[in-house]
Amino acid sequence: MTALVEVKGLDKAFGGVHAVEGVSFSVEAGQVYSVIGPNGAGKTTLFNLITGLYTPTKGEIRLNGESTAKLEPNQLAERGMCRTFQQMQICMNMTAIENVMLGRHLQLKSNLFTTLFRLPSLRHNEEAARKRAAELMEYVGCGDYLGAEASAMSYGALKRLEIARALAAEPKVILLDEPAAGLNAVETAALEELIRKIAQQGITVMLVEHDMKLVMGISDRLLVLNYGRVLAEGTPEEIRQNPDVIAAYLGG
Amino acid sequence: MLNRFMQSRLQGLVVLTLILIILPAFLSNPFHYELATQIAILAATVVGLNLLVGFAGQISLGHAGFFGLGAYFSGIATGTYGWPSVPALVAGAIIVGIIAWIVGRPILRLKGHYLSMATLAVGFIIAIILNNERAITGGPDGMPVPAFEVFGWELSPFGTYSLFGLEISGVQAWYMFSSVILLLAVWFALNLIQSPIGRALRSVKGSEVAASVVGVDTAKYKSLVFVISAIYASLMGGLYAHFQGFITPAIASFEFSILFITMVVLGGMGSTFGVILGAVVLKLLPQVLADFQDLEHVMFGLILMLTMIFMPKGLLPTLTAAVSKRIRKKTGGEA
Amino acid sequence: MLAEFLQYLFTGVTIGATYALIALGFTLIYNASHVINFAQGEFLMIGGMATVSLTAMGVPMVIAIVLAITLAGVLGIALQRFAIAPAKQADVVTLIIITIGASIFIRGIAQLVWGKEYHVMQNFSSDEPIRVFGAVLNSQSLWVLGIGAVVVVALVLFFTKTLIGKAILATSMNKEAARLVGIRTQMVLMLAFMVSALLGSVAGIVVAPITFTSYDIGIILGLKGFVAAAIGGLGSGVGAVVGGLALGIVEAMAAGYISSDYKDAVAFSMILLVLFFMPRGLFGAKVVERV
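Residue numbers (our numbering), protein chains in the order written: chain Y, 3 to 254; chain W, 2 to 336; chain V, 60 to 350.
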C-alpha cells in the first residue's frame, strides 16, 4: 500500500535560515497524523510546503504517489487536500454559510452563461450546496450561525467554521493547523470529538497542535520537529518513551 | 434589516425599477433627461467595475481606457466603416475583452499599489494612443459618432418617437433605453455575485489563500472578473459614444478613470446599488457646484475628502447601517 | 551624432533628477504610512508657483524659495493631520481617493490664487547655456542636478545620523513596536509628510525655470514620480533615485529618437515592462506571505 502523503528529504530555507531541514515521513490513508514541536520548530512551514503555499528549497512531496512540485494549492485541493490555518483565513466579506459554500467550489461546476441568467440548474445546485453547507455547520457545531455574517462570529466558532469549509471540499486528507489554539477546555473536548468523527469518516487527518493531551489521545502516529529537523517519529507510546523527546520537549 | 433588503437580489432591483419609472416626473427639460441618461450609462459602467474592485478587491485606476476603447471602436466601426451599431458594440466588447485578458494575466499578479500603478499605466497608454492616432480617431479634437440604430431604426437624442401612441422626444427615448440597460447590467451583476463564481470572486478579496486551498484558481477568477468589468466598460462606452454623438480622448483619460473608481468607493465598494448612488452623486455634484463657479473644484475636492474620511465604507452602506440602527432602536429588538 | 545623444542625455538626466526627487517623496510617505500620496504632485506645483508669484511681488529669490518650501511643508503636515490621520482604518483605495480629493482641493485653491495661465520662472543663475561637445546644457540643469545630489546626501544623513530620521525608519518598520519604545508615531507621520512635501517643493522650484509652471502641472509630474518610485520598487530610496533617472533618460531618448507624441506612453510602457518581470520593482523588498 502506498502512502497518501509522502515527504522525502524536505528542505526550506528563508534567506540562510533553514525552517525545515531534511524532513522525511509518510502518512497512510485513514491515519490521524500529528506534527508536534516547540514554537519555531517549522511545523506551520511544513504544512505550507505540503499544501503548496511554499515551494521547497529541496526535497519532494508526493500526494497519492504523484509529485506535488508543480502543483498550485488549488490543484492540490482538486486532488483531495484541504486545510485550515493557524491564523484563520475566513472571508469576512461573506456570511458564515457562504464561507462553507466556498468549500463546495470544486463540486459546483458552473459556467458564465447559466450564472448570468441564473438558470434553474444553477439555482438547484446552489440550494443543494447551501443545504450541504448547513449540514456541515451543524456537524462541526456552528449550527447557531446559519444566518450570521462571518464577521459576527466568535473566535472558537470561526475555527470550527474553517473546518466545515475544508470538509465541504470533500477532502481525502485534511490538514488542521493548531485547531485548539485559543480554545477553552470545553471547546477543546468538542474539537477532539470532532476530529475523531472526521477520522471515522475515513478522512486522513494531519494535525499541528500544542495541546499534548489532545494530540496523544487521538493520533495514530506523531512526528516531532525541533529546529526544523525530525527529532522522532512513531506511535504516541513510542514518542512518550523516546529519550530525545523527553529531553528536548516533554521534559523541558 | 434595511441592509439585507438592499442586498437581496430582487427587492433592490424592484426599488431601482420604481425609481427609474417615477423619476421622469421630476425631469422637466431635455437637459435633465440628458443628465439622467449619462448617469445611467456611467452607473452601469461602475456596476461592472465594482465587480472587480468591490467584490474581488482588485484596484483599477485605468478603467476609462476600456470605456474609451469601446466608445472609439463603436464610433469608428459605425462612422468610418458603416457597420450597424449592435455588431459594432459586440465586436468592440469582444476585442476589449481580449485586450483585457492579455494585459490582465500578468498585471493581476501584482498586488496593492503595484496593481494600481499598472492599471493606471494601461489606461494612460490607451488614452495616449487615442490622442495620437489622428488619422483614425481624430486626435484630441475628437470625432463624431452616428446615432444608435437597430434594424434601420434610429435612436437619436434629437429625434421624436411615438410609443403606444404617446409622442416622446429623443432624449426621453434614450432615457428609457439606458434605464433598461442599467437594469440589465444590475441584474447580471447580482446574478454573478450570488453564484459559485461570485463566491470565488469575493473569496479572492476575503482571503486569497483560503480561496486557493479549497480549490479556487484565484488567477483565473481575477482575470475573469477583470475581463467582465472591461466588457461592461466597453459596451457602456459604445452606448455613451452613440448618445453623445461626439467623443474625445478625454473619456479615456486618467481623470475619467479616477471618476469611475471614485463612484465605486464613494457609493460603497461591494454594494451594487451603492455604486449607482455614487454615479448619481458624482455626476450631479458638479452641476450643483457650478453655481460656486471658481470655488467648484475646491468644494468638490473638499466634499470628496470629507465623505471618504467620515464614511470610509461609502455612502449607501453607511446610510443603510445608520437607518437600520435607528429602526432597531425604535423597535427595541436586538435583531 | 554624439551631440544629439548628449543633448537627449542632458535633458533626460535633468528631468530624471526631478522625477527622482518626487519619487523620494512618494517613498518617504509610503515607508512611514503605506499610503500612496496622489497629492504629491501638488507640493511640486505649490513650490514652483509660490516662488514665481513671490518673486513677481519683488521678494528676493532666495527668500521666496524659503517661503515657498515652508508653505509646502505646512501643507504636508496639514494633509497628514487633517486628511490622512482621521481615516485610520480606511481601505487602500479609500486612502487613494482621499489623497486625490486633497489634490483636487489644493489645485482648486491654486487656480483661485494664481489663475490658469502658465508662469515663467527665471533661471537661478545666468541664462547663458553651456556647450559640451556640441550639445547645449541649460545652466539650470546643473542647479537641478546639484540640488538633487545635495538633497539625496542630506536625506541619507538624516536617516542614518539623526534620531528623528531613525524614528521615522522605526515607525515604518513596525508602528506598534515604535510606539512601545516611546516614539510618538503620529508626530513621526506628520514629519514624514512634511519632509516629503519639502522634497516635492524643492523639485518643483528647481525644475520650474525649465518646464514653466501652472496650477495643474502637479498631475502629470506627480504621476511620473509615482512611476519612478514603482520602477525602483516602492519603499526603496535607492530605487527612487535609480527609477527617476532611468525614467527621465529613457523618456528623453524615446522622445528624441522615436516620437515625442509617445513620450508619455514610454514612461507607462516602461513601468508595465518592469512590473511584468519584477512585480516589486527593481529594488523592492521581497516579502514572504505569512499564513
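No lab work stands behind these hints: they were computed from the structure. Just so it is clear, the structure is predicted and the values come from calculations on it, not from any experiment. Virtual Cβ for every residue (Gly too), placed ideally from N, Cα, C. Certain hints may be false.
[Said to hold, decoys possible] Taking lysine-lysine and the DSBU-like style, the derived pairs with C-alpha atoms no more than 35 Å apart in a straight line are:
(1) Lys284/W <-> Lys234/V
(2) Lys330/W <-> Lys175/V
(3) Lys174/Y <-> Lys284/W
(4) Lys147/V <-> Lys314/W
(5) Lys133/Y <-> Lys60/Y
(6) Lys322/V <-> Lys284/W
(7) Lys322/V <-> Lys225/V
(8) Lys206/W <-> Lys221/W
(9) Lys60/Y <-> Lys112/W
(10) Lys322/V <-> Lys147/V
(11) Lys220/V <-> Lys322/V
(12) Lys221/W <-> Lys175/V
(13) Lys326/W <-> Lys147/V
(14) Lys112/W <-> Lys284/W
(15) Lys221/W <-> Lys331/W
(16) Lys284/W <-> Lys133/Y
(17) Lys72/Y <-> Lys60/Y
(18) Lys206/W <-> Lys72/Y
(19) Lys111/Y <-> Lys206/W
(20) Lys314/W <-> Lys330/W
(21) Lys331/W <-> Lys314/W
(22) Lys225/V <-> Lys221/W
(23) Lys220/V <-> Lys221/W
(24) Lys225/V <-> Lys284/W
(25) Lys331/W <-> Lys234/V
(26) Lys10/Y <-> Lys60/Y
(27) Lys174/Y <-> Lys60/Y
(28) Lys220/V <-> Lys234/V
(29) Lys314/W <-> Lys220/V
(30) Lys221/W <-> Lys330/W
(31) Lys221/W <-> Lys326/W
[As the list claims (entries may be wrong)] Far from chain Y by the CB rule (all over 10 Å, computed), these chain W residues:
(32) Trp84
(33) Val87
(34) Pro88
(35) Pro107
(36) Trp154
(37) Tyr162
(38) Gln195
(39) Gly216
(40) Gln294
Status of the hints after comparison with the structure:
1. A hinted pair counts as satisfied when its Cα atoms are at most 35 Å apart, and Lys284/W with Lys234/V does not qualify at roughly 39 Å.
2. Only pairs whose Cα atoms come within 35 Å are accepted, and Lys330/W paired with Lys175/V is rejected, the gap being roughly 52 Å.
3. Distance restraint check for Lys174/Y and Lys284/W: the Cα-Cα separation of roughly 54 Å exceeds the 35 Å cut-off, and the hinted pair is therefore not satisfied.
4. The straight-line distance between the Cα atoms of Lys147/V and Lys314/W is roughly 12 Å, inside the 35 Å bound, and the hint therefore holds.
5. Note on Lys133/Y and Lys60/Y: the hinted pairing is violated, with a Cα-Cα distance of about 43 Å set against a maximum of 35 Å.
6. Pair hint Lys322/V plus Lys284/W holds up; C-alpha atoms about 32 Å apart against a cutoff of 35 Å.
7. In summary, the hint linking Lys322/V to Lys225/V is not supported, as the alpha carbons are separated by about 39 Å, beyond the 35 Å threshold.
8. Distance check on the hinted pair: Lys206/W and Lys221/W sit about 14 Å apart at the alpha-carbon level, within 35 Å; holds.
9. Distance hint between Lys60/Y and Lys112/W is fulfilled; the C-alpha atoms sit about 28 Å from each other, no more than 35 Å.
10. Of the pairs offered as hints, the one joining Lys322/V and Lys147/V is violated, with about 38 Å between alpha carbons and a cut-off of 35 Å exceeded.
11. With a CA separation close to 40 Å, the supplied pair Lys220/V and Lys322/V exceeds the 35 Å bound.
12. For the suggested pair Lys221/W and Lys175/V, the alpha carbons sit about 47 Å apart, so the restraint of at most 35 Å is broken.
13. In summary, the hint linking Lys326/W to Lys147/V is supported, as the alpha carbons are separated by about 23 Å, within the 35 Å threshold.
14. Proposed proximity of Lys112/W and Lys284/W is supported: the alpha carbons are some 30 Å apart, at most 35 Å.
15. For a cut-off of 35 Å, the pair hint linking Lys221/W to Lys331/W is broken: about 47 Å separates their Cα positions.
16. The straight-line distance between the Cα atoms of Lys284/W and Lys133/Y is roughly 44 Å, outside the 35 Å bound, and the hint therefore fails.
17. Distance hint between Lys72/Y and Lys60/Y is fulfilled; the C-alpha atoms sit about 13 Å from each other, no more than 35 Å.
18. Distance hint between Lys206/W and Lys72/Y is fulfilled; the C-alpha atoms sit about 25 Å from each other, no more than 35 Å.
19. In summary, the hint linking Lys111/Y to Lys206/W is supported, as the alpha carbons are separated by about 21 Å, within the 35 Å threshold.
20. A hinted pair counts as satisfied when its Cα atoms are at most 35 Å apart, and Lys314/W with Lys330/W qualifies at roughly 22 Å.
21. For the hint linking Lys331/W to Lys314/W, the alpha-carbon distance of about 24 Å falls within 35 Å, and the restraint holds.
22. Taking the CA atoms of Lys225/V and Lys221/W, the gap is near 43 Å; set against the 35 Å cutoff, the hint is violated.
23. Distance check on the hinted pair: Lys220/V and Lys221/W sit about 48 Å apart at the alpha-carbon level, beyond 35 Å; violated.
24. Between Lys225/V and Lys284/W the alpha-carbon distance is near 46 Å, which puts this suggested pair outside the 35 Å criterion.
25. About 42 Å separates the Cα atoms of Lys331/W and Lys234/V, which puts this hinted pair outside 35 Å; it is violated.
26. A hinted pair counts as satisfied when its Cα atoms are at most 35 Å apart, and Lys10/Y with Lys60/Y qualifies at roughly 9 Å.
27. Distance check on the hinted pair: Lys174/Y and Lys60/Y sit about 26 Å apart at the alpha-carbon level, within 35 Å; holds.
28. Simply put, Lys220/V and Lys234/V have alpha-carbon atoms about 20 Å apart, close enough for the 35 Å limit, and the pair holds.
29. With a CA separation close to 41 Å, the supplied pair Lys314/W and Lys220/V exceeds the 35 Å bound.
30. Pair hint Lys221/W plus Lys330/W does not hold up; C-alpha atoms about 45 Å apart against a cutoff of 35 Å.
31. Between Lys221/W and Lys326/W, the direct Cα distance comes to roughly 39 Å. Violation of the 35 Å bound is thereby established for this hinted pair.
32. No Cβ of chain Y approaches the Cβ of Trp84/W within 10 Å, the least distance being about 25 Å, so the stated non-interface status holds.
33. The claim that Val87/W lies off the interface holds: its Cβ sits roughly 18 Å from the closest Cβ of chain Y, which is beyond the 10 Å cut-off.
34. For Pro88/W, the non-interface assignment is confirmed: its Cβ lies about 20 Å from the closest Cβ of chain Y, beyond the 10 Å cut-off.
35. Remark: the non-interface label on Pro107/W is consistent with the geometry, its nearest Cβ contact in chain Y lying 17 Å away (cut-off 10 Å).
36. With a least beta-carbon separation of about 26 Å from chain Y, Trp154/W lies farther than 10 Å from that chain, consistent with its non-interface assignment.
37. Distance check for Tyr162/W against chain Y: the nearest CB is about 29 Å away, which clears 10 Å, and the non-interface claim stands.
38. The Cβ of Gln195/W sits about 8 Å from the closest Cβ of chain Y, inside the 10 Å cut-off, so the non-interface label is violated.
39. Its closest Cβ contact with chain Y, about 4 Å, brings Gly216/W to no more than 10 Å, contrary to its assignment away from the interface.
40. The Cβ of Gln294/W sits about 42 Å from the closest Cβ of chain Y, beyond the 10 Å cut-off, so the non-interface label holds.
Violated hints, in rising order: 1, 2, 3, 5, 7, 10, 11, 12, 15, 16, 22, 23, 24, 25, 29, 30, 31, 38 and 39; the structure is consistent with all others.
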